[in-house]
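Asker: From the two separate chains plus the hints, produce the assembled complex.
Heads up: the protein sequence lines correspond to chains A and B, in order.
The opening residue of the first sequence carries number 15 in my numbering; numbering runs sequentially from there.
The opening residue of the second sequence carries number 323 in my numbering; numbering runs sequentially from there.
These are computed hints drawn from the structure, not numbers from a lab.
If you're wondering where the values come from, they're calculated on a predicted model, not measured in any experiment.
Among the hints, erroneous ones may be present.
[As the list claims (entries may be wrong)] With a cut-off of at most 30 Å between alpha-carbon atoms, the simulated DSS-like pairs for lysine-lysine come out as follows:
| hint | chain 1 | residue 1 | chain 2 | residue 2 |
| --- | --- | --- | --- | --- |
| 1 | A | K149 | B | K496 |
| 2 | A | K35 | A | K106 |
| 3 | B | K507 | A | K212 |
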Amino acid sequence: MAVASIEFKGTSFTLSVLHLKTSNLAAIRADLVSKVAQAPDFFYLVPILVNIEKLDVSIDYQAVKTLIEELNFTFVGFTGSVTNEQRKLIRKFGFSFVNTTKVNTSQKVTTLEKVVTAKTDIIVEVPQRPLYTDKVHRGQIRSGQQVYAKDQNLVVIGSVSAGAEVIADGNIHVYGSLRGRAIAGAQGHHKAQIYCQKLEAELVSINGNYWLSESMEQHWGLPVYIHLTDSELTSSKLI
Amino acid sequence: MARIIVVTSGKGGVGKTTSSAAIGLGLALKGNKVVLIDFDIGLRNLDLIMGCERRVVYDFVNVINGEATLNQALIKDKRVSSLSILPASQTRDKDALNKENVGKVLEDLGKLYDYIICDSPAGIEAGAMMALYYADEAIVTTNPEVSSVRDSDRILGMLASRSRRAELGLEPIKEHLLLTRYSPKRVEEGEMLSVEDVEDILSIPLLGVIPESQAVLKASNAGEPVILDTESDAGKAYQDVVDRLLGETVDFRFLVAEKKGIFSRIFGG
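So that you can see chain B by itself, here it is in the shape it has in the complex (with noise of 0.2 Å):
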């Protein structure tokens, strides 16, 4: 049975497409058959983000409503042949998805793929809530600020009561902390908050922290994941996130600001 993972936050902007696309292109990149799922519908990003924007004929909608097979709206990447993205309609709003016929799509997708990411939609409406629903595991996607905190620990409450998992009693759903656009310069200067500041509030484990970069702007723009650019701090820790899914032990990188040389230091370069 394949691990359905929410990629979810509360806030806006905070990176949950960014996230989505790195962590499911590196679980792919691994060998996992992975299927991207676009839950924002009527705001479709990840095509963007993934660089099939010109090759969306289906979409998310059309296979709930019965107009097209799970087949023909797939999005095979490219780059890995394992990946597939199933992206959201644009043209539709949200209330276009139901329970029973989201649970049908991911029950189906489930027997094709290993791992399903679902890229949530921001707020804690019905297409958040439907974006973490079904899902096994979530990825709480952080900035380090103390909004984007306080919409997480709401996030973090809803998938302890609204998810399937919490309905139906079973095992609840794991949760994973993800810190994204983290400055440990300006968490020293006291001007964002410290990642042991946002674990003391939100209690959660955490997966990840990926530093601020250029990189992620710059990938974006270009349709292609950071995790691709393997010189970039972010892409360096998303690949150490990815490893961390998979069960591996990896310490955590990028958590305090370079040292400055002695040459700057003494010049005050």
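Bound-form chain A, shown alone (with noise of 0.2 Å):
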């Protein structure tokens, strides 16, 4: 059969999610009340979790998703970071418990079972920064030349001449000397680095911080790597 019917695809969403920080009910409904009388067409039929890392486990859950959806949400189900027995319960009684791999950083030092817990978690969906892949460009970039490397690292196999312009979302990596200009994480990327085995510059760039040819005195003419600390760029050399 060449088309299914059904097909299943993973997708991350945004999903509002309402932390609560006591058990007392009527607390919760009054402060939630206040809260959708603010803007109650932006929270009219809202799907949310509620998260219950911070209260007991002898809460009422048919009561707290009955609160919920008496005010007007969708009630997905729960999360949190809590124990195995608790989100054995809450799926006996019918609930739906969503994972999280966010662990309260308190909480793991404090209480060793619950950071067991968390990292036994199946991960589900981490949204991540993307993997830079490389482009990789052979020979000498000459004078009046620009080459970007969107969303990519670059690797010049070759010098950058001056008056040259090499770019990259992610890392430069010059296998000769650089002598024109080079901008590192040109979309905003702050661990973005530079690497030349000769550096004589005209410009470094990384994450729009920049150097011009006089702040590199210290380590002109020198294999070096450039990277920022504290969003002040720092060179270092490589040998």
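Answerer: Structure follows, in structure tokens:
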């Protein structure tokens, strides 16, 4: 059969999560009502998860769900960093539980048990910074030429002449002399770095922080890499 | 098939025409059939350097426009019969050339000659692009000073991206570095870039180093390419260039300043 009637695909969504700080349902109701009153249209039928990691095991899950639905939210399930027992309990009651990889750091330190629980969780679609692939340019980049590695690292096997420009959203590696301009992390990436075998650049820039030649005197003509430390450009010798 | 060699530089006044004339004549003296084309439409100079300015009747643009045949426009050199010159028009501008017609002329010349030397105008505009478009090899003429080196670098970028070979994805143009007006004494005094400096920046193979020489100006004014002045350093250096183009291995000369003799050292002469 060429076409299946169904298909499974992974997708990530942005869901509102309601964090409960107390088991007192009356207090929760009062605060929620006033919140919804500020923007009734915005909250109408909005799907939400309820984070219960700050509450006792003993709360009435059904009552929480009913409360949420009475206020015209669409109840999706519970979430939070909780023990396996609590999770099983929630599922036994017939509610869905959505795992989260986010672990509150203070809890991580204080309650070992919870940390272990969180680590054994199956990781569901962790949003990540894209991993950059490499654009490789063989040969010298001459004066007046511009090479841009969009969403990529740039590797130049050769020198970059004065008056040439190399730009990458990721890192820049120059296996030769860097005499022109090098702009790494062009779309904002503070961990981007610039590597070259001989630093004689007109300008280097990482994540919008730049140096002109005069700032490079310390390592002029040497093999170095340039990186950001606390929004300050730093050059370090490679060898 | 003829070897099409463009003599180019980006910057003006570095010695493109002088080099074209010397190398063209040198290749012809070695028994090759050579044609020199002046691509500097509107600023015709090659005819003067070659000493044939009084014999120009038709020019490159006339041929392009079909107003004259190649045979009518080509000027045979009086010294070497296997050398011809196709002069530029002095009254037109560089827009008079177009790729198709230039290609046609080069194709026709290719059937008659072994070497086609294209003397490029300065700059990176249409005229210079036209001169390098069909080239198989390029002689990048450079003076040992920073602005000339940077302009040569720019032209090297053009050779790698704007030529016919680049557009068709063929084997790239073979690049040669020709360093002209070189003065070893001034290099030693730190006033001039050295051969190594220029090679390091441009990183292309060195074809020759022509020393700064009074003989060049004299030769230009006389309309006798300097390669004919076999006594001069410049003439000898151009001869070496021709030999290297023909595949010979020749040691580089005139790279170090002449040592003063013992008497001049003692008496401070």
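Asker: Give a verdict on every hint.
Answerer: Okay, the hints, checked on the actual structure:
1. A/K149 <-> B/K496: 25 Å, holds
2. A/K35 <-> A/K106: Answer holds: A/K35 to A/K106 is near 23 Å, not above 30 Å.
3. B/K507 <-> A/K212: 28 Å, holds
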